[in-house]
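Residue numbers (the working numbering), protein chains in the order written: chain R, 1 to 159; chain H, 160 to 352.
It is worth saying that the hints were derived from the structure and are not from the lab. Among these hints, one or two may not hold up.
To be verified - Each computed DSSO-like pair below joins lysine-lysine, with the alpha-carbon atoms no more than 27 Å apart: (1) R/LYS154 <-> H/LYS166; (2) H/LYS162 <-> R/LYS7; (3) R/LYS6 <-> R/LYS154.
Chain by chain, the residues:
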Amino acid sequence: MNSTHKKWILDGVSVAARLSLAITFIYACIHKIAVPYDFALQVATYQILPLSLINLQAIILPWLELVTGVLLIAGWLTRPAALITCGMNIMFIVAIAMALAADLQLQCGCFAAADVGDQMDSDLIIRDAFFLLVGAFVVYIRPDRLTLDHWLAKRRQHA
Amino acid sequence: MVKIATKVLVLAFAITAGSAAIAIATNAVRPSGIPLVTDIPYEIFAPCKDSEAEAKAASAAELAGTSGGVVLYIDARPAEMFEAEHIEGSINVPYSALFGAKPEDVEKVKTTAQAKKATKIVVYGLHQDAATEKKSVDFGKPLAQQLVESGIKGVTYLAGGLTKLKESGQTTTGKGSAPAEKEAPTEKGGAAQ
């Protein structure tokens with residue numbers, strides 16, 4: 001296998017990683033943005049944040065998920081966007097671990113309202129750890145050829 | 160390398176700040192927006208093992224209101240099972256999988272809680288028949304949820320239900336072991352939560 005093949009394979013993996021992160025985060029934010037009160041209630045249920053920060057978190061987090069998702073799909077500011085997803089995944093892992101440690105029997109609220117969300121268990125940590133690794137991979141490797149970053153860098157080189 | 164890392168970090172902060180600005184601005188103009196800061200605590204329904212421990216500690220003395228807060232027990236099982244055996248002082252609110260609890264029963268919980276000045280309302284549903292090892296469906300959790308949604312405060316449910324309460328030494332009363340229990344819907348695999 002020559003270096004061109006390797007490059008294409010790496011690009012393919014990069015695209016898959018980028019898009020899987022983007023789709024997951026965009027899907028996760030839809031309900032949270034649509035019904036902010038539900039998400040605020042979900043955040044409150046974790047009993048981690050002080051009351052004064054619950055609403056702020058519930059308002060900002062879904063939009064951050066949306067913006068990073070869109071940036072990852074477009075491939076613009078790919079690395080910073082992927083870094084943010086890593087930060088969010090670390091935050092989710094810590095929150096889930098704390099809820100599990102406190103034996104709170106609640107819905108994770110990761111994707112939707114309480115009635116359809118995932119039940120809290122250690123599998124959620126594994127899932128978020130997987131997305132953390134995917135995000136770290138996207139941060140680490142050079143943006144693939146299907147990204148706006150790559151196109152802009154090429155344009156700058158030609159200019 | 161350090162230069163790239165710094166650039167990535169700075170851009171990540173910029174994206175976060177930009178997203179936060181969009182989020183706050185959108186929240187401010189939309190009708191379903193929520194206040195940035197709330198000082199009214201959320202009505203949280205998050206049953207945990209702590210509630211189980213509190214229920215265990217809720218002895219007959221507490222039921223009588225002689226020590227600590229008053230605990231009101233709510234039995235979510237069908238009436239015939241309640242009549243056969245229930246926690247002393249508990250009230251029966253039969254829960255239907257299709258229709259939930261009757262509004263008048265929910266109202267009864269409200270008035271009883273107010274009258275007894277109950278600080279905690281513990282809902283239990285599950286009970287395992289010692290002879291057949293069959294379990295009734297645990298409606299403790301959905302009933303507790305319905306009570307919370309109807310505005311009743313201090314509601315929790317007991318994982319393990321009546322069986323757990325009996326194990327913790329709570330005294331029961333009733334006509335004796337319930338034949339109806341054997342006829343009740345059963346679920347394989349054990350207690351909810």
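Are the Cα positions of H/LYS162 and R/LYS7 separated by 27 Å at most? holds (24 Å)
Checking one constraint from the list: CA of R/LYS6 to CA of R/LYS154, max 27 Å. Satisfied? It holds: about 20 Å lies between the C-alpha atoms, which stays within 27 Å.
Can the restraint linking R/LYS154 and H/LYS166 be considered satisfied, given a maximum Cα separation of 27 Å? Holds - the C-alpha atoms of H/LYS166 and R/LYS154 are around 19 Å apart, at most 27 Å.
Violated hints for the displayed structure: none, as all numbered hints are satisfied.
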